[in-house]
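Undergrad: Sequence:
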Amino acid sequence: MDRAARLAAHLKPCHASAKSDDDIVVVSAIRTPICRARKGGFRDTQPDALLQAVLAETFKRAPNANVGDIVVGNVLQGGAGALTSRMAQLCAGISEDVPLMAINRQCSSGLQAVANIAGGIASGMYDMGIAAGVESMSKGNMMDAAPKEMNPAIFDSQAAQDCMIPMGLTSENVASKFGVTRQQQDELAVNSHHKAEAARANGWFKEEIVPVATIQIDKEGEEHEVTVSEDDGIRVGATIAALSKLKPAFDEDGTTTAGNSSQTSDGAAAVLLAKRSAAKAAGLPIIGKFVSFAAVGCPPEIMGIGPAVAIPAVLKKAGMTIGDIDIFEVNEAFASQAVYCVDSLNIPRAKVNPKGGAIALGHPLGCTGARQVGTLLHELRRTGKKNGVISMCIGTGMGAAAVFEAE
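Going by this note's numbering, the sequence shown opens with residue -17, and the numbers climb by one from there.
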């Protein structure tokens, strides 16, 4: 083989099966239970307490980990929660020598944290890092994140103005533009609950969930110590008939309801990533491999189509196709956009969210992307499957996706 042919062979995208000491691998991927905002198990729990729980457990499971950085995704706290996340790290007993940063790429913040840590490892800045995500939608308010004053030039740009469209109305835009019916949305929502209900009953979440000791305050103001160990937003016995009775939530003539939208939720997740050689040297387990990541823009007014543009981009980077993927974890921000993205890419429904999605489990904004890593990898390993994709839409018009391989 001549030199040009050898170079071409190296540059050609290849599947992710070959192992190398330079691989970026996943050592652990855990989360708290996901609980209903203002009503569920974490309604009286601060976001830093949720983050503390998953950071402490990550180090408990990997005491030999020489962590070079921690990146935490968050949406609703001021400054992406940089102050409270650092305090959570120190409360978790992690040395002050370990640096931490907080980031906000809206609903993909947890996955972006994973990508940032992977990039740091790939560039040689460190050999191990923790990517995390946290959100308390009980304590935070989406309106608090909206700008109080705006540049007047925004009103000369329709695209810029479209960034301010409420998320529920972008769902209605997707449904209207692409012909996604109320029936299709309700069917996806019911199936999400049914799959999550079965997964919980069969114990399929146990490997990813860390029970959290916290307090709850009753109507009389009395505090009670509790341990929250399961997701509490899953609707047992959900039916199309029940969902069909719900009124549209954002447009009186629309199709998006509280029942076919993701739940507002509280939760945290953490993923320990490492260079393969470093993980092996430290005697740490390896449960999967990070393969590729992509973030892609799309029109803000139909931001929900983000996975439909991000998934092809991330698969191209990995040298893979839809058919190579065993499981797709596609965030169900709204059933309208989930239906459109999955069907437009011709993804078999049987491969999508086998343990339910955000409509059943909830969508704590900054946490979701990190949560999906554990949900995906533990399910791939449980079922003996290999390749998986995580994806979500992002407010203001973007999509993000990543490819992982189970080991």
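For the record, the hints were derived by calculation from the structure and aren't laboratory data.
Values in this document were obtained by computation on a predicted structure and should not be read as measured data.
Heads up, the beta-carbon is just placed ideally off N, CA and C, and yes, glycines get one too.
Fair warning: there could be bad hints in the mix.
Unchecked claim - Below, a list of computed lysine-lysine pairs in the DSSO-like style, where the Cα atoms sit at most 27 Å apart:
(1) 227 / 1
(2) 21 / 177
(3) 177 / 188
(4) 227 / 21
(5) 227 / 159
(6) 188 / 298
(7) 227 / 298
(8) 188 / 367
(9) 1 / 177
To be verified - What follows is a set of in silico ranges between Cβ atoms, one per label pair, in the way DEER data are often shown:
(10) 4 / 363: 21 to 31 Å
(11) 4 / 230: 19 to 29 Å
(12) 331 / 65: 17 to 27 Å
(13) 2 / 365: 22 to 32 Å
(14) 219 / 78: 41 to 51 Å
(15) 48 / 326: 36 to 46 Å
(16) 259 / 137: 45 to 55 Å
(17) 48 / 69: 16 to 26 Å
(18) 328 / 75: 32 to 42 Å
Undergrad: Each hint needs a verdict: does it hold in this structure or not?
TA: Each hint, compared with the structure:
no.	hint	verdict
1	227 / 1	52 Å, violated
2	21 / 177	22 Å, holds
3	177 / 188	15 Å, holds
4	227 / 21	22 Å, holds
5	227 / 159	24 Å, holds
6	188 / 298	33 Å, violated
7	227 / 298	42 Å, violated
8	188 / 367	18 Å, holds
9	1 / 177	33 Å, violated
10	4 / 363: 21 to 31 Å	23 Å, holds
11	4 / 230: 19 to 29 Å	51 Å, violated
12	331 / 65: 17 to 27 Å	43 Å, violated
13	2 / 365: 22 to 32 Å	25 Å, holds
14	219 / 78: 41 to 51 Å	49 Å, holds
15	48 / 326: 36 to 46 Å	43 Å, holds
16	259 / 137: 45 to 55 Å	54 Å, holds
17	48 / 69: 16 to 26 Å	22 Å, holds
18	328 / 75: 32 to 42 Å	48 Å, violated
In the structure shown, a violation is registered for the earlier hints numbered 1, 6, 7, 9, 11, 12, 18, in ascending order.
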